[in-house]
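S.K.: So you can see what is in the structure, the chains are spelled out below.
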Amino acid sequence: MKWAVVVFPGSNCDEDAAGAVRRVTGDEVDMVWHTTRDLSEYDAIILPGGFSYGDYLRSGAIARFSPVMEGVKEAAEQGTLVLGICNGFQVLTEAGLLPGGLLGNHHLQFTCGMVELRVENANLPFTSAYQEGEIIRVPVAHGEGRYYADEPVLDELAMHNRIAFTYQGEVNGSVRNIAGIANDTANVLGLMPHPERAVVEWMDSVDGRRVFESMAAYHAKRGVVHAG
Amino acid sequence: MPADSTTQGQRTAHEKSMATTHAANEPSPEQIREHGLYEKLGLTAPEYEAVVKRLRRLPNYVETGLFGVLWSEHCSYKSSRKYLKTFPTTGPQVLQGPGENAGVVDIGEGVGIAFKMESHNHPSAVEPYQGAATGVGGILRDVFTMGARPIAFLDSLRFGPLTDPHTRYLFSHVVGGIGGYGNCVGIPTVGGEAVFDESYRYNPLVNAMCVGMLPADKIVKGIASGVGNPVFVVGSRTGRDGIHGATFASAEDPHEKERSAVQVGDPFLGKLLMEACLELMETGAVVGIQDMGAAGLTSSSAEMASRAGGGIELYLDKVPVREDGMTPYEMMLSESQERMLVVMEKGKEQVAFDILEKWGLQIGEIGRVTDDGMLRLYFRGEVVADVPVMALVDEAPVYDRPTEPPSQAELAARKIDEDELAQRIDSLLQGEATAATGRAERTALEELLRLILAHPSVADKRWIHRQYDTTVRASTVVGPGSDAAVIAVPGTTKAVALATDGNGRYVRLNPRVGGAIAVAEAARNIVCSGGKPLAITNCLNFGNPENPSVMHQFKEAVAGMSEACLALDTPVVSGNVSFYNQSRGEDIYPTPVVGTVGVVEALSHATKSGFKQDGSSVLLLGPPDAGLDGSLVVQLLTGRPQGDAPRFDVDAEARVQSVALALIRRGLVLSAHDVSEGGIAVALAEMCVSGGMGAIVSVAGALQPSVAERIGWLFSEGQSRILLEVSQDHLDAVLTAAQEAGAPCAVIGRVTGNSLTIVDTAAAGAATSGASRTAGWEPQSEGADVWLSLPITELEDEYKNAIPKAMEH
Amino acid sequence: MKFYEVEVKVWLKKSVFDPQGNAVEHALTGLGYEGVDKVRIGKYMQLLVEATDEAAAHDKVKSICDKVLHNPVMETYSYTLAEAAAEVSV
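Residue numbers (the working numbering), protein chains in the order written: chain A, 1 to 228; chain B, 1001 to 1809; chain C, 2001 to 2090.
Please keep in mind that the hints were generated in silico from the structure rather than gathered at the bench. Don't take every hint at face value.
Result set (BS3-like, lysine-lysine): computed pairs, CA atoms no more than 27 Å apart in a straight line [stated by the list, open to error]:
| hint | chain 1 | residue 1 | chain 2 | residue 2 |
| --- | --- | --- | --- | --- |
| 1 | C | 2060 | A | 73 |
| 2 | B | 1358 | A | 73 |
| 3 | C | 2067 | A | 73 |
| 4 | B | 1358 | C | 2067 |
| 5 | B | 1346 | B | 1218 |
| 6 | B | 1078 | B | 1218 |
| 7 | A | 73 | C | 2062 |
| 8 | A | 73 | A | 2 |
| 9 | B | 1358 | A | 2 |
When you get a sec, could you build the whole thing from the sequences and use the hints?
M.R.: Given below as structure tokens:
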């Protein structure tokens, strides 16, 4: 399985994401510069955390105009797995690949630390290695993680089981405690917590591993679509 | 462009320029002398005359400005240099000592660790968010400049009491600024300290430390060598911000200074600049590189030329500027952030242009390296400054300022006032008068422990580090809140342990011992986390050096630090001095802050401070102590620090540290915690709270010791003491090892239950004593004298909520 | 070509909680200012826009605001546009 980690100017969890994939799956990972247009050779694409373009206008607002995002959109339409972590989630909402948006934390501060998440849907390509309702521990580190969408969108997400993870308790003021959501075809997932920072024992949790394991299992089951 | 002209030709151009440049709106050399304008540019009258004598002519405005900043305390260390030279700086582990942008130590496997700490006190007093953010940005650049990939930040902070609204403003904005910069550049902030004391109310201390890793044989230096090599300025454009920041840092009262000196940081640009420079250095085409920090282009160009023993010439028209109409003076003194001066190999210019373009950054080829020893500046075809580099950098004045030890009367006044202390304890007991006798004593001790745990200097700092990204880079093995942070070093099986320490109260009471304690405690923190201390960096934050008693403190503190550095084999590899930390006529407590780097040979050695295993034993490694000298408890009871510095013996310290590290490496220690501010009682409480487990500790005491004696045992800050948690299986091995090494070690308790209970078993008449190997006291023992007993939930409530509660206002 | 000075304001939609505005409102009340309500905090931006005429400038600014400067999921915006004085140079 071939993975791409997109690097925007200001991405800073790109190496962490690539490291986690290598650690967990042993697969090949390419770092893809934001000017790359064609991502068709990849089976999974990760938009990593960080502060793309400094997040000065809005988180992810400028990154979504990068040439690489055209490639991400095309790949998503083809069914390629796209995982947006933290800033990557923000980019995906700005790009319209996921509904809603992410606002400044309700307590007005950056927040970093281990949080508990509830796995709401364990049938997604990103969550199949978890149990539904399972409580997992994964770190967060963000200043703008308050998920917002209007009621009809939220109802739609809930009705179609597109809410992947929720926070156990208040973290940033997200509506319905949403920590991560999927698109309507379930191959694009965005989440604020950092699964790539919970993959070995000394990280204080290994609960993030199963995001990458799920993706690898999905790919294996789906069969080799891309012959390379 | 007279770049090719001969020396003779330049002299002519120079003389011509003298007639033209200052004809504009800058004062003439004669006016500078007549009206004493050099004082506004940072030179005293004798310094100005020394410049005139050295140049054998009157310096023009630009030249006077160059000398003003480079001869400032901030750049020249003129008051401290005499003493800094006495620091031990060498050892087999040192790859780069002081004098470069950062020091480098060897951790083996071909990896070097670059690190440095720097103060940003004055800018943070005026504009706390930007002051702190640019402090972080500056130290980041100092470290990556060595060719090192930054892997961690630590911050040592000092503020006034949190009851003061202005302090809360400074505190929250400094924390915001540190997080704002560090989080964006993607380097975890993993530790540091925050101390709150009246002494720092008007003069907060913000000391930022950065740590990076690099191939041990690929250190890049700040050197401008190779005649004809091109000089570039890369990164941000140059604006008028921060002009005279270096002289401003050395001025007496930051609040009297114009706010135009405040620089604004751009962490996004800082991140791009870091990536671009690391990529550029990777090509091997970089000859030398330096951050344009304090005094911007002036200090970077002059210092780089000085290290090469050569000269440099700059064509200022080519500096990418942000504002119209900037003069040479403004360009040379601008402190616009996120800029670097880079010397490339001639012929490799395109490498630099390509990489900087990839990262979307400005680059200007602004000069070249010469061999005539002059810093020569051209602007609009004229030479606007032409001064010897040696005169600017190496011949900066060195002052042997008068020192004056405290008088006998002052020393006497510092002694612990036993009567006063007894009185305070009495009133504390009377506060508990409703309780029965005996019970009142216990309640009073419990109350004291709560009080100290809730003191913001001791209390949990999660309010701070929750705002920092502590886990980005996915290498944080032990984050903030333990004795030292432990960060895995990618590509190796090792980790580094990182800690900062300093205690202004101790140094004020006894500068020599206080200075030594700062070094010893930082090293002890490293040891408790499983690391071997390798070397230190420091920020020496002191008051006005023109005050002889401040200079005495400085001299003594440096001597004490040096003694500890030698005994613990942790040489000084980098550092900085911040003088003039004073406000409203009051100097701050002399506050040397030490940042220590240690190597953790295997990740399994990484040790935390929270209790881990029910039923394990609690040991006190190190000498027993019940003295209250310099303790926080005395300050809390009487309102001021009293006595000497806590008891400290450097040889005992070395023994204790070496035993503790050996035990940890042998896998015999479950958790370890240094006894520091608040003494054993606080250290035990912290181990309980972090581990979520209780403990019963028995004191081998005289029967019914007085309350003052109990307070001494519980809250003494006597040094060289470590609490170890050891499982029953390893007890013999640990005690034997300590005995063989000549380090006192005793079992004092057991991890159990949900409360921290401290009892005097002697009172129970039981056979068990503090020296007992099994600590057999049980809560139900008849007649035991319970000193204090508090549920963990209550300890936790005090400890964890103190700062959040204080910040709610 | 003409130059237009544009001022853009972006703020959170009414339905979206604004913690900054809320905190400032709370502080104002604490400072004794009575009768202050509905504090909202937004962003203010200045642009100097080059266009052939005013209509073209409007088109350009609307497009910039719609596509980049605001996120319609949670924000709304308004702007003003005026021809810049002749001496403006870029």
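S.K.: For each hint, tell me whether it holds in the structure or not.
M.R.: For each hint, the structure was consulted:
A threshold of 27 Å between alpha carbons decides the hint, and for residue 2060/C with residue 73/A the separation of about 26 Å falls inside it, so the pair holds. Taking the CA atoms of residue 1358/B and residue 73/A, the gap is near 24 Å; set against the 27 Å cutoff, the hint holds. Using a Cα cut-off of 27 Å, the hinted pair residue 2067/C and residue 73/A holds, with the two alpha carbons roughly 17 Å apart. Of the supplied pair hints, the one linking residue 1358/B and residue 2067/C holds, its CA atoms being roughly 26 Å apart against a limit of 27 Å.
Distance restraint check for residue 1346/B and residue 1218/B: the Cα-Cα separation of roughly 20 Å lies within the 27 Å cut-off, and the hinted pair is therefore satisfied. At roughly 32 Å between alpha-carbon atoms, residue 1078/B and residue 1218/B are farther apart than 27 Å, so this suggested pair is violated. Between residue 73/A and residue 2062/C, the direct Cα distance comes to roughly 25 Å. Compliance with the 27 Å bound is thereby established for this hinted pair. Proximity of residue 73/A to residue 2/A is assessed by CA-CA distance (about 18 Å); at most 27 Å being required, the pair is judged to hold.
As the CA atoms of residue 1358/B and residue 2/A are separated by approximately 26 Å, the hinted pair is consistent with the 27 Å bound.
In summary, the structure is inconsistent with hint 6 from the numbered list given earlier, while agreeing with all the others.
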